[in-house]
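Could you build the full structure based on these sequences and the hints that come with them?
Same order as they appear, the protein sequences are chains A and B.
Residues in the first sequence are numbered consecutively from 0, following numbering that gives the first Met the number 0.
Residues in the second sequence are numbered consecutively from 0, following numbering that gives the first Met the number 0.
Among these hints, one or two may not hold up.
Unchecked claim - Computed beta-carbon distance windows for the label pairs:
# : chain 1 : residue 1 : chain 2 : residue 2 : range
1 : A       : Ala132    : B       : Val238    : 55 to 61 angstroms
2 : A       : Trp468    : B       : Gly155    : 17 to 23 angstroms
3 : A       : Ala414    : B       : Asp268    : 30 to 36 angstroms
4 : A       : Trp468    : B       : Asp237    : 47 to 53 angstroms
5 : A       : Asp462    : B       : Glu246    : 34 to 40 angstroms
6 : A       : Ala248    : B       : Gln66     : 53 to 59 angstroms
7 : A       : Lys386    : B       : Asn297    : 53 to 59 angstroms
8 : B       : Ser90     : A       : Leu418    : 22 to 28 angstroms
9 : B       : Asp233    : A       : Gly422    : 47 to 53 angstroms
If you're looking for bench data, these hints aren't it; they were derived computationally from the structure.
C-beta atoms are modelled at their ideal positions from N, C-alpha and C, and glycine is treated no differently.
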Amino acid sequence: MLEGLLIGLSTAFSISNLLMVIGGCLIGTFIGMLPGLGPMSIIAIMIPVAISIGDPSAAIILLAGVYYGAIFGGSTSSILINAPGVASTVATSFDGYPLTRQGKAGKALTVAAISSFAGGTIGAILLMGFAPALASVALLFHSAEYFALMVVGLSAIAAFAGTGQVSKALLMTVLGLVMATVGEGVLFNMPRFTMGIMDLQSGFGFITLAMAMFALPEALYLVLDPTRSGRSSGQGNEIKDLRITKEEAKSIAPVIGRQSIQGFLIGVLPGAGATIASFLGYAVERNIAPREEQEKFGKGSVKGLAAPESANNAACTGSFVPLLTLGIPGSGTTAILLGALIALNVSPGPRLMVDQPQIFWSVIISMYIGNVVLLILNLPLIPYIAKVLAVPRTFLIPFILFFTLMGAYIGQNNATELLILVGLGVSATILRFGDYPLAPLLIGFILGPMLEDNFSRAMQLYDGIGFIWERPMTLGLLALALALIFLPSYRASRARLKAQGVAEGD
Amino acid sequence: MTVFNMTRKTALAVFAASALSFAAPLQAAEQVLEKVHFLIPGGAGGGWDGTARGTGEALTGSGLAGQASYENMSGGGGGKAIGYLIENAESNHDTMMVNSTPIIIRSLTGVFPQNFRDLTLVSSTIGDYAAVVVGKDSPLNSMSDLVEAYKADPNGTAIGGGSVPGGMDHLVAAMVMEGAGADPVAVKYLAYDGGGKAMAALLSGEIKALSTGFGEAIELANAGEVKILGVTADERQDVYDAPTMKEQGIPVSFVNWRGFFAAPGLPEDKLAQFQKAIAEMYDTPEWEAVRARNGWANIHNSGDDFKVFLENQEQAIGDLMKKLGFL
Numbered sequence: 000m001l002e003g004l005l006i007g008l009s010t011a012f013s014i015s016n017l018l019m020v021i022g023g024c025l026i027g028t029f030i031g032m033l034p035g036l037g038p039m040s041i042i043a044i045m046i047p048v049a050i051s052i053g054d055p056s057a058a059i060i061l062l063a064g065v066y067y068g069a070i071f072g073g074s075t076s077s078i079l080i081n082a083p084g085v086a087s088t089v090a091t092s093f094d095g096y097p098l099t100r101q102g103k104a105g106k107a108l109t110v111a112a113i114s115s116f117a118g119g120t121i122g123a124i125l126l127m128g129f130a131p132a133l134a135s136v137a138l139l140f141h142s143a144e145y146f147a148l149m150v151v152g153l154s155a156i157a158a159f160a161g162t163g164q165v166s167k168a169l170l171m172t173v174l175g176l177v178m179a180t181v182g183e184g185v186l187f188n189m190p191r192f193t194m195g196i197m198d199l200q201s202g203f204g205f206i207t208l209a210m211a212m213f214a215l216p217e218a219l220y221l222v223l224d225p226t227r228s229g230r231s232s233g234q235g236n237e238i239k240d241l242r243i244t245k246e247e248a249k250s251i252a253p254v255i256g257r258q259s260i261q262g263f264l265i266g267v268l269p270g271a272g273a274t275i276a277s278f279l280g281y282a283v284e285r286n287i288a289p290r291e292e293q294e295k296f297g298k299g300s301v302k303g304l305a306a307p308e309s310a311n312n313a314a315c316t317g318s319f320v321p322l323l324t325l326g327i328p329g330s331g332t333t334a335i336l337l338g339a340l341i342a343l344n345v346s347p348g349p350r351l352m353v354d355q356p357q358i359f360w361s362v363i364i365s366m367y368i369g370n371v372v373l374l375i376l377n378l379p380l381i382p383y384i385a386k387v388l389a390v391p392r393t394f395l396i397p398f399i400l401f402f403t404l405m406g407a408y409i410g411q412n413n414a415t416e417l418l419i420l421v422g423l424g425v426s427a428t429i430l431r432f433g434d435y436p437l438a439p440l441l442i443g444f445i446l447g448p449m450l451e452d453n454f455s456r457a458m459q460l461y462d463g464i465g466f467i468w469e470r471p472m473t474l475g476l477l478a479l480a481l482a483l484i485f486l487p488s489y490r491a492s493r494a495r496l497k498a499q500g501v502a503e504g505d
Numbered sequence: 000m001t002v003f004n005m006t007r008k009t010a011l012a013v014f015a016a017s018a019l020s021f022a023a024p025l026q027a028a029e030q031v032l033e034k035v036h037f038l039i040p041g042g043a044g045g046g047w048d049g050t051a052r053g054t055g056e057a058l059t060g061s062g063l064a065g066q067a068s069y070e071n072m073s074g075g076g077g078g079k080a081i082g083y084l085i086e087n088a089e090s091n092h093d094t095m096m097v098n099s100t101p102i103i104i105r106s107l108t109g110v111f112p113q114n115f116r117d118l119t120l121v122s123s124t125i126g127d128y129a130a131v132v133v134g135k136d137s138p139l140n141s142m143s144d145l146v147e148a149y150k151a152d153p154n155g156t157a158i159g160g161g162s163v164p165g166g167m168d169h170l171v172a173a174m175v176m177e178g179a180g181a182d183p184v185a186v187k188y189l190a191y192d193g194g195g196k197a198m199a200a201l202l203s204g205e206i207k208a209l210s211t212g213f214g215e216a217i218e219l220a221n222a223g224e225v226k227i228l229g230v231t232a233d234e235r236q237d238v239y240d241a242p243t244m245k246e247q248g249i250p251v252s253f254v255n256w257r258g259f260f261a262a263p264g265l266p267e268d269k270l271a272q273f274q275k276a277i278a279e280m281y282d283t284p285e286w287e288a289v290r291a292r293n294g295w296a297n298i299h300n301s302g303d304d305f306k307v308f309l310e311n312q313e314q315a316i317g318d319l320m321k322k323l324g325f326l
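Spelled out as structure tokens, the structure:
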């Protein structure tokens, strides 16, 4: 292993490969900020370039740099304008955007940068130390367990079910699950609930829905309620202020540690990935936090921002385990990377480490370098990026609208997508006036297909719901989900009762 | 200031990158097409997209076509692009639309009202055979082992794939069982979201066998992860020595093709130009580079051959889907 490590170090530290990492990170970060272009499309764009380089190590280092850069860039639009362009950064906007609204955009971006860096680096260390051993973990989960894992992920909605909103949050979750059934799924060769509209055949697009639920209502709100954007006056200095207080650093450190490891392990599972990791990270950290901090989740908690950011980056690194050790792509992005590897005559699989150690190790070393490069590049840029918000609202709002509409359009080149976006966006704004939380809708929408697919596969295999008690791990995960959902509301209701008791006693 | 410099640099890098990938270097062959426009019924990065852009790269790179442009038009499982090409046939004489086996399956199931007869058939260009594979530690070593296991316990012999029930991977599994004299309807087919997840399910033991593309199977067989029990080609292939279905007594052959269609009513000379350009493309080093990079197999059926090929496939798939209850 030491020998391989040295080969990897010498390969990755060559001038040209360092330039690859830096170039890849830069391209990834900036294109990743556009909501419509996630890591998958950026990597697809970059593949011909990477292949023309010819040297497999350099090519994969470039693509890996683009990958981390894109994930990193994706969180920027979530935090600044509430426009998560990738599913794995939806959870980032839950607390990242409220922080921006409080005028703490600089701080939010810094927390995100540091959490991402820590998640990516811890992930790379785990990958280096345990990749071969973890290959078997990747195969531990069957459809039944994936179903249970998605249920655990759904418990993230508890965070939006605070103070008397339980029924509203549940209603929105169900609405999200219903919307997820529209179109052709994995399980049916007939489209469902498309009402004869051809553009709904492949279902609602994630980006369209994310923009309609988060970014568009926000922009409309700014128009309808001018006082809401008052923050841009007089708070200019604070927006750019990156500093994290000592207490905040202390409180997020354990969160980052836990979520880097948990996120990595979830990323290792081929059927899960960074999105699930970020929701689970958010749910777990919210539900184990002390009561007073729990109430801050969703309203601008640094913990709530650090958890998904470290989890999704660690999970992205984790997804390299099945790719490099088994040759199995766990996500769309790693599937594209696998295609690039094969085109470069590299066969990922158990023999990669033996046959082509320089590739295996240089990829891992480039992950460290990539993370360091991202941190160095981004920390000094944060004040400038955050300055975007100081732009007068007459310019800011059209800018957000342009960003949002373009994001929904460029993925599919389909103008009907824009009509759907505006229609849903207006409905979402109305729902917001009624105080309905929109995040649970998006969580339901993202987890819905995975819940349904895994549930019905498990049903098919066990001829019914027998898998729930026949598979101990499924039962365990479901029990965990119940505990995560009910424990906090039990604690909350007990506290409420106690408070009432005091009041009545008066 | 810094931030603007950075974005400009990145933008430049991206432009340089795209220029690199689409530049036409040498005019080696004689130009057949002045320009060609590719209509892609799906989004960027998919199989159709790769086929169209790879073909365009080879055509312009070799000088057979002067310039190529691309348009992604997803929606309706490909139906939107088909409808567009038919409605705007007059203004699309330079357009070739990429498609593949699903155009047959989806017009049978009625996902879109049109079928391949409503278009002008240019040519199929590439394809992939189907394969049935098991994990490397599986006790099953041949198709007859799998068929025996299936006959003994159809419910316990789940077969997975990366397409929907009634989709290609399912149809191949059912076709093979029917060919072996077993009941195609009782196949317990588990659908996964893509070949990668199906492969993970095979290795984790959730499914007993996997129906997948031959190209994908070769990668994992080379890595020592799976055994290829049977391929749906007529003869053993050079790329990987795996037994065919036919030599194991299962009379099944199937190929998942990709090819090109043009607008209805296309003038004869224009069609001949398209077909000539594609036929000559196979001999160019530019095409060979693209083909090898993507692991495609050349499957060239032009004009009337293409029509016969599609009609046969439509017949075989239609019969089977009726039997399975999907039609």
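Each hint, compared with the structure:
no., hint, verdict
1, Ala132/A x Val238/B: 55 to 61 angstroms, "violated, 33 angstroms"
2, Trp468/A x Gly155/B: 17 to 23 angstroms, "holds, 19 angstroms"
3, Ala414/A x Asp268/B: 30 to 36 angstroms, "holds, 34 angstroms"
4, Trp468/A x Asp237/B: 47 to 53 angstroms, "holds, 51 angstroms"
5, Asp462/A x Glu246/B: 34 to 40 angstroms, "holds, 36 angstroms"
6, Ala248/A x Gln66/B: 53 to 59 angstroms, "holds, 57 angstroms"
7, Lys386/A x Asn297/B: 53 to 59 angstroms, "holds, 55 angstroms"
8, Ser90/B x Leu418/A: 22 to 28 angstroms, "holds, 24 angstroms"
9, Asp233/B x Gly422/A: 47 to 53 angstroms, "holds, 52 angstroms"
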